[in-house]
Amino acid sequence: MSNGRVDYIVIGAGTAGCIVAARLAEEPGAQVTLLEFGGMDTNPAIYARDMNAMFSLWAPQGAENWGYTTTPQEGLGGRSIEIARGKVLGGCSAVNAMIYIRGNRRDFDTWSALGNRGWSYDEVLHYFKKSERYHGPASPYHGDRGPLPIIDYRTPSAVGHAFIEAAATLGAGQTYNDFNGAAQEAGAGFYQSTRTTAGVRATAASAFIRPLIGREGFQLLTGVRVTRLIVENGRARGVEYAGPNGVVTLGAEREVILCAGAFETPKLMMLSGLGPAEQLKRHGIRVIADLPGVGQNLQDHMLLGVGYESLAPLDPPEMLAEAGLFHWTRTSAEQTSPDLQYFFGPVQFVADEYRTDGPGFTFAPIVSQPLSRGTVSLASADPAANAVVDPCYLSRDEDVAVFEYGIRYAREMVHTSAFDGLRGRELAPGDAITNSEDLRTYIRRVCSTVWHPIGTCKMGTDAAAVVDGQLRVRGIEGLRIADAAAMPKLVNGNPNAAIMMIAEKAADMIRSARSTVADAAVATA
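In terms of my numbering, the sequence shown opens at residue 4 and continues consecutively.
Watch out, some of these pointers could steer you wrong.
[Said to hold, decoys possible] The following label-pair restraints were derived from C-beta to C-beta distances: (1) ASP471 x GLY202: 32 to 42 Å; (2) ILE216 x HIS418: 15 to 25 Å; (3) PRO47 x ASP355: 24 to 34 Å; (4) ILE216 x HIS129: 19 to 29 Å.
[To be verified] Keeping only pairs whose Cα atoms sit at most 30 Å apart, straight-line, the calculated DSS-like set for lysine-lysine is: (5) LYS492 x LYS133; (6) LYS284 x LYS492; (7) LYS132 x LYS492.
These aren't lab readings, by the way, just hints derived from the structure by calculation. This structure is a prediction, so every number in the text was calculated from the model and none was measured. Virtual Cβ for every residue (Gly too), placed ideally from N, Cα, C.
Build the full structure now, drawing on both the sequences and the hints.
Spelled out as structure tokens, the structure:
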């Protein structure tokens with residue numbers, strides 16, 4: 004069945020898709036359709052201020068979770084890891100821990116150095132600011148007129164203050180009032196978050212899409228699964244999706260923008276005949292474009308808990324992680340930004356076997372610049388089957404070394420005078436685990452994902468790149484990828500802010516290209 008034609012089709016109403024669709028809908032007369040497999044963001048847990056409500060959104064079989072699990076990981080002793088992905092209007096912005104941190108400026112300068120002109124920090128700062136409605140001190144590094152509220156952390160705990168003081172005592176770097184300000188080098192501070200001034204979660208949907216619902220020219224369809232991209236004669240012509248009324252074909256007059264995330268974006272590309280030719284042939288899929296980089300270059304952040312009992316009572320926190328630290332462990336010329344990040348909070352964020360009754364706090368070291376790389380591949384040609392995700396976690400010993408350093412440095416911090424009167428028994432990994440071999444065994448046994456997968460349709464100029472610096476899919480007109488899959492390399496920090504920036508920039512590039520075409524038509528008339 005045909006459902007007609009629109010100007011723009013945006014696939015995936017997650018963090019990126021909501022922003023791309025909303026910005027394209029600002030174009031006078033534009034017809035924009037946003038397609039989402041998940042449902043509306045009506046679950047009260049999404050906008051509740053209760054931490055346990057947020058945990059419920061991560062349930063593997065929950066309505067808001069895609070339910071992805073990795074293949075058994077050799078680097079983790081054969082364990083498989085659940086990776087929560089938002090399957091709801093708002094995507095991961097509706098289920099994440101709400102931390103708002105852009106990354107180090109050199110992360111984006113590295114993107115530019117890889118051949119992606121226009122993606123240096125100075126060139127993308129405008130797009131970070133464009134989304135923001137920052138409720139903090141006036142700053143040239145923040146926006147205050149955008150749709151998305153950003154707030155500073157308001158009620159730091161006693162252990163949170165101790166964490167900041169301990170980092171300063173050890174000379175870990177400067178103390179930051181704003182990780183998203185002029186610099187993000189080594190140092191500690193409290194995290195900003197995507198919340199309203201009332202402390203309620205703000206998502207890409209609540210900020211960008213809710214005001215558009217019912218507006219002429221904008222259509223949101225939830226509960227529909229895009230089964231393939233329609234590509235004819237080297238151009239994306241539309242999509243096919245399955246919904247309550249069966250299989251529907253929707254045409255795109257101008258562009259199709261793929262924003263389905265680091266797993267679903269490469270999966271849909273491959274189902275549509277755009278990907279590694281040999282893999283497509285194995286599944287009986289006709290090869291339209293041999294793009295070997297589709298599904299490659301998977302990167303993810305990993306963390307583990309270094310937990311302690313608290314000798315003092317602790318109030319429930321506003322967020323899972325209230326404070327953080329960025330630190331250098333590698334000193335090679337290739338390491339241009341910190342490679343170790345911490346989450347810190349007044350919660351026992353450790354494996355179940357280590358938890359105890361009573362208050363506690365946790366240092367959670369994160370390998371912020373992992374060297375391990377994995378893949379996303381097809382399980383079958385069935386669009387309903389999840390992709391096969393093999394992150395190859397800890398396949399590089401250098402990543403294990405960062406974790407070991409992170410555990411040892413957390414122990415140094417907790418034994419400064421800042422934690423006197425607060426420091427109780429070490430819960431995890433425990434005082435008895437001190438030598439390198441035992442620490443590395445602990446690391447491989449308990450570490451897990453922070454749910455930050457990126458890079459599976461990377462932007463670049465090399466043979467493995469899938470999109471160019473304009474986010475256009477190689478060899479296919481009218482098709483762009485504007486989500487985490489397009490990132491060539493992980494940033495320092497939670498990638499949600501960077502994904503929003505990508506979406507803002509993508510929409511601007513699409514509209515600019517449209518204006519250029521229109522101007523050329525007028526000039527030749």
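These are the hints, each one checked on the structure:
Here the CB-CB span from ASP471 to GLY202 is close to 41 Å, well matched to the stated 32 to 42 Å. Distance hint check for ILE216 and HIS418: the Cβ-Cβ separation is about 53 Å, which falls outside the suggested range of 15 to 25 Å. About 26 Å separates the C-beta atoms of PRO47 and ASP355, a value consistent with the hinted range of 24 to 34 Å. Restraint check, ILE216 to HIS129: a C-beta distance of roughly 28 Å satisfies the suggested window 19 to 29 Å.
A threshold of 30 Å between alpha carbons decides the hint, and for LYS492 with LYS133 the separation of about 23 Å falls inside it, so the pair holds. At roughly 29 Å between alpha-carbon atoms, LYS284 and LYS492 fall within 30 Å of each other, so this suggested pair holds. Note on LYS132 and LYS492: the hinted pairing holds, with a Cα-Cα distance of about 21 Å set against a maximum of 30 Å.
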